[in-house]
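Trainee: Now for the letters of each chain:
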Amino acid sequence: MKTAERPQNLATAVREALVVAMEADADVCVLGTDVGEFGGVFRVTSGLLERFGKERVIDMPLDPAGVVGTAIGMALYGLRPVAELTFADHAYGAFEQLTSELARVRYRSNGQLACPVVVRMAAGAGGGGGIHHSAHPEAHFVHTPGLVVVCPSTPADAKGLMLSALRGEDPVVFLEPQALYRRSGGDAPEGDAGVPLGVAREVRAGSDLTIVTWGAMVRVCEDAAAKAAADGVECCVIDPRTLWPLDLDAIAASVAETGRCLIVHEAPRSGGLGAEITALVQERCFLHLEAPVTRVTGFDTPVPAALEDAYVPSVARVLAAIDGIMSF
Amino acid sequence: MSDKESQRFLDDAATEDLGKDRLRDAYQQMVGIRRFEERAAREYASGRISGFCHLYIGQEAVAVGTNLALEAKDHMITAYRDHGHALIRGCTPRNVMAELMGKVTGNARGRGGSMHMFAADKGFHGGHGIVGGHIPLATGIGWASRYEKRGEVVVCFFGEGALNQGAFYESLNLAALWKLPVVYIVENNRYAMGTSLERASAVVDLYKKADAFGMPGVVVDGMDVSLVHKTVKEAADRAREESIPTFIEARCYRFRGHSMSDPAKYRTNEEVEERKLSDPIVLVAATLKKRGWATDEELEAWDDAAKEAAADASDFAIESPQPDLKDVGRYVYAEPLQWSPDAHTTPHVRD
Ligand SMILES: Cc1ncc(C[n+]2csc(CCOP(=O)(O)OP(=O)(O)O)c2C)c(N)n1
Numbered sequence: 033m034k035t036a037e038r039p040q041n042l043a044t045a046v047r048e049a050l051v052v053a054m055e056a057d058a059d060v061c062v063l064g065t066d067v068g069e070f071g072g073v074f075r076v077t078s079g080l081l082e083r084f085g086k087e088r089v090i091d092m093p094l095d096p097a098g099v100v101g102t103a104i105g106m107a108l109y110g111l112r113p114v115a116e117l118t119f120a121d122h123a124y125g126a127f128e129q130l131t132s133e134l135a136r137v138r139y140r141s142n143g144q145l146a147c148p149v150v151v152r153m154a155a156g157a158g159g160g161g162g163i164h165h166s167a168h169p170e171a172h173f174v175h176t177p178g179l180v181v182v183c184p185s186t187p188a189d190a191k192g193l194m195l196s197a198l199r200g201e202d203p204v205v206f207l208e209p210q211a212l213y214r215r216s217g218g219d220a221p222e223g224d225a226g227v228p229l230g231v232a233r234e235v236r237a238g239s240d241l242t243i244v245t246w247g248a249m250v251r252v253c254e255d256a257a258a259k260a261a262a263d264g265v266e267c268c269v270i271d272p273r274t275l276w277p278l279d280l281d282a283i284a285a286s287v288a289e290t291g292r293c294l295i296v297h298e299a300p301r302s303g304g305l306g307a308e309i310t311a312l313v314q315e316r317c318f319l320h321l322e323a324p325v326t327r328v329t330g331f332d333t334p335v336p337a338a339l340e341d342a343y344v345p346s347v348a349r350v351l352a353a354i355d356g357i358m359s360f
Numbered sequence: 344m345s346d347k348e349s350q351r352f353l354d355d356a357a358t359e360d361l362g363k364d365r366l367r368d369a370y371q372q373m374v375g376i377r378r379f380e381e382r383a384a385r386e387y388a389s390g391r392i393s394g395f396c397h398l399y400i401g402q403e404a405v406a407v408g409t410n411l412a413l414e415a416k417d418h419m420i421t422a423y424r425d426h427g428h429a430l431i432r433g434c435t436p437r438n439v440m441a442e443l444m445g446k447v448t449g450n451a452r453g454r455g456g457s458m459h460m461f462a463a464d465k466g467f468h469g470g471h472g473i474v475g476g477h478i479p480l481a482t483g484i485g486w487a488s489r490y491e492k493r494g495e496v497v498v499c500f501f502g503e504g505a506l507n508q509g510a511f512y513e514s515l516n517l518a519a520l521w522k523l524p525v526v527y528i529v530e531n532n533r534y535a536m537g538t539s540l541e542r543a544s545a546v547v548d549l550y551k552k553a554d555a556f557g558m559p560g561v562v563v564d565g566m567d568v569s570l571v572h573k574t575v576k577e578a579a580d581r582a583r584e585e586s587i588p589t590f591i592e593a594r595c596y597r598f599r600g601h602s603m604s605d606p607a608k609y610r611t612n613e614e615v616e617e618r619k620l621s622d623p624i625v626l627v628a629a630t631l632k633k634r635g636w637a638t639d640e641e642l643e644a645w646d647d648a649a650k651e652a653a654a655d656a657s658d659f660a661i662e663s664p665q666p667d668l669k670d671v672g673r674y675v676y677a678e679p680l681q682w683s684p685d686a687h688t689t690p691h692v693r694d
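Chains as they are written, first to last, in this note's numbering: chain A, 33 to 360; chain B, 344 to 694.
Keep in mind that the hints were calculated from the coordinates and are not lab data.
Be a bit skeptical, because a hint or two may be false.
Far from chain B, some chain A residues (derived; all Cβ distances over 12 Å) [as the list claims (entries may be wrong)]:
#	residue
1	Gly143
2	Pro148
3	His165
4	Pro177
5	Glu201
6	Gly217
7	Ala282
Pairwise CB distance ranges (calculated) [stated by the list, open to error]:
#	chain 1	residue 1	chain 2	residue 2	range
8	A	Gly85	B	Asp554	34 to 42 Å
9	A	Gly105	B	Gly390	55 to 63 Å
10	B	Trp521	A	Leu108	35 to 43 Å
11	B	Glu614	A	Leu145	26 to 34 Å
12	A	Ser216	B	Lys522	33 to 41 Å
13	A	Gly85	B	Gly483	39 to 47 Å
14	B	Thr638	A	Gly85	54 to 62 Å
15	A	Glu69	B	Leu680	38 to 46 Å
16	A	Gln144	B	Gly483	36 to 44 Å
17	B	Glu616	A	Gly218	55 to 63 Å
18	B	Leu680	A	Gly218	36 to 44 Å
19	A	Ser216	B	Asp658	32 to 40 Å
20	B	Asp670	A	Asp57	49 to 57 Å
21	A	Glu87	B	Asp360	45 to 53 Å
Every value quoted in this text rests on a predicted model; they were computed, and no experiment measured them.
From the three backbone atoms N, C-alpha and C, an ideal C-beta is built for every residue, glycine too.
Chain A with its partners taken away, still in its complex shape (with noise of 0.2 Å):
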């Protein structure tokens, strides 16, 4: 892109990243409701109408088994759709053709067949959207053999990993935090370098506690990481970025040291993937901990919309939690 000014925040990161592909490879191409002339509800996709024309960047009826599906049938063909699901929680409406067929198409035609399509979708609170626009719903697609879950939390990252699952040969679900849409968070570089997909980010170092958490909590992790640290409880931050594949091995190798682990995520806590990581920790770092691992999330309810900044951990929560395994 020849714009003198950096993308700097995860809309006009993802959005940089898709002009990127599109030039340099014509079968990528863009589906969803309103991704064209409205130019996406977030106007993540806000120009490339104009840029790319109509048959790859596509307006679809407002249908989201419909916009997956039509991206899965494109992908055998040969192409590369970027379906765009507005809300993580429209995916529902399409969960069947996300893990029945999306997730399963290689499986099930012993590798005569890959589907590499992306879907995009707006994940979490931050809007006020409540019940019905808030979802954080990683843990339905980790669960689902087949997918690549992405979650970035930085423009840098959103633009490297949008490439990289563009190039890859899997499907991913790429998660992308409301409430970073227009926060401004460092610049994306130039150029068309991916970040590699599975590859976690250690975002702060520190030799007293590792948390682990990824998306919209990690600026949450790391206001918290600063006022322990003037507390001198020094805490890694790791962003896995990658939510599937996990890099187990950056995590494992940092709690090796610390000793410790707090684990912090917006979803629910029953079940998330918080509950995983937990499980994979010990089974990895027995012998290590110090502490019990611990969890920071969000509620087991769906997001209230009068209650969204209590059910999203905040700065305060994490604190207590550092507080309690420091102690423990």
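Start from chain A and add chain B with the ligand according to the hints.
Mentor: Frame of chain A, contents of chain B with the ligand only:
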């Protein structure tokens, strides 16, 4: 063109059918919704309402005309643009405004917000935020109603954006197959967010889709409350007496944006202005006056009352408390969850 020449009126025969008293009621209900929504827009601008807020301004005749054709025992369920339906079917201006402001006095305790209004005891089964998600529910309620043989009719509203989902076709097929007393009403306001009907539907005469199910399909001018009433009354009678479902296409228009943040680039100002000539409330007012069924003073008094009700709703909502965090685990299951948020979220601490 003078004002006189351009003035439009309600359909004569349908107005006769509706009668003076109910048309006067219709006006008060419609203006009640309009003023409420205008107030909601102001509260949104002031920051007291956050999240989503989709206004019903322009479509009032559809909900009100329908409701006048129903009995108290009947059922209603709708999509997410639900303030108008809620206000005439069991919710109050106070508890709708409080819900919009996320207060515990809201009809969903502030948990739902704009898209999730409920008055279950009045047969209002809610607003639903997932487009199309509630259409099968109406079919199920219809089945139960037929089973119980209480002669209760179910009315299900949705936007034309919902028509391109499988749920719509599945539901209408079942309703026709099982002969359920359901009236499905698509409020065709021509736009699903930024997508016009022509860009989303291969068939734009939506009522024709009923043919595929061997179900009566009817189109009605949704800006004319008398015609909506007449059409829904016929459908409701068919449902009540013969257990035959109907699909009604009510052609209407929303005067405001899709939500509070809508650049509205998908339509022109001229188009909106042209449509405002058929403002459903202006049509009722003009008709009431022409027939001598209401005086200017009465119309004005009703308008004032509507504004007052909206202002009262705002005051009430502003003064109401936020929901208590301690109650957040109530209504996930029949039994309240046993943790209080503090205990649950506070991590393991050594005893
Ligand atoms: C399954 C699903 N997809 C997308 C959305 C986002 N969305 C909310 S309203 C809307 C447009 C709906 O249009 P229509 O059904 O015609 O209702 P109207 O706005 O005209 O009242 C969209 C796309 C949603 N709520 N649910």
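Trainee: Against each hint, give a clear statement of whether it holds in the structure.
Mentor: Structure-based check of each hint:
For glycine 143/A, the requirement that its beta carbon stay farther than 12 Å from each beta carbon of chain B is met, with the minimum near 30 Å. Listed as outside the interface, proline 148/A is consistent with that label: its C-beta sits roughly 25 Å from the nearest C-beta of chain B, beyond the 12 Å cut-off. With a least CB separation of 7 Å from chain B, histidine 165/A falls inside the 12 Å interface cut-off, contrary to its annotation. With a minimum CB-CB distance of about 26 Å to chain B, proline 177/A clears the 12 Å threshold, and the non-interface call stands.
Remark: the non-interface label on glutamate 201/A is consistent with the geometry, its nearest Cβ contact in chain B lying 30 Å away (cut-off 12 Å). With a least CB separation of 22 Å from chain B, glycine 217/A remains clear of the 12 Å interface cut-off, as annotated. The beta carbon of alanine 282/A is kept farther than 12 Å from every beta carbon of chain B, the shortest such distance being approximately 23 Å. Range check, glycine 85/A to aspartate 554/B: Cβ separation about 36 Å, and the 34 to 42 Å hint holds.
For the hinted restraint 55 to 63 Å between glycine 105/A and glycine 390/B, the CB-CB distance of approximately 45 Å leaves it violated. In this structure the supplied range 35 to 43 Å holds for tryptophan 521/B paired with leucine 108/A, their Cβ-Cβ distance being about 37 Å. The hinted window of 26 to 34 Å between glutamate 614/B and leucine 145/A is violated, with their beta carbons roughly 46 Å apart. Under the hint 33 to 41 Å, the C-beta atoms of serine 216/A and lysine 522/B, about 59 Å apart, miss the expected range.
For glycine 85/A and glycine 483/B, the hinted distance range of 39 to 47 Å is satisfied, since their beta carbons lie about 44 Å from each other. Look at threonine 638/B against glycine 85/A: about 59 Å separates their beta carbons, and that is inside 54 to 62 Å. A hinted range of 38 to 46 Å holds for the C-beta pair glutamate 69/A and leucine 680/B, which are about 44 Å apart. Against the hinted window of 36 to 44 Å, the Cβ-Cβ separation of glutamine 144/A and glycine 483/B comes to about 41 Å, which satisfies the hint.
Checked against the hint of 55 to 63 Å, the pair glutamate 616/B and glycine 218/A fails, with Cβ atoms roughly 46 Å apart. About 39 Å separates the C-beta atoms of leucine 680/B and glycine 218/A, a value consistent with the hinted range of 36 to 44 Å. In this structure the hint that serine 216/A and aspartate 658/B lie 32 to 40 Å apart at CB holds, the actual value being about 38 Å. Between aspartate 670/B and aspartate 57/A the beta carbon distance is about 52 Å. The supplied range of 49 to 57 Å therefore holds.
Checked against the hint of 45 to 53 Å, the C-beta distance between glutamate 87/A and aspartate 360/B comes to roughly 51 Å, which is consistent with it.
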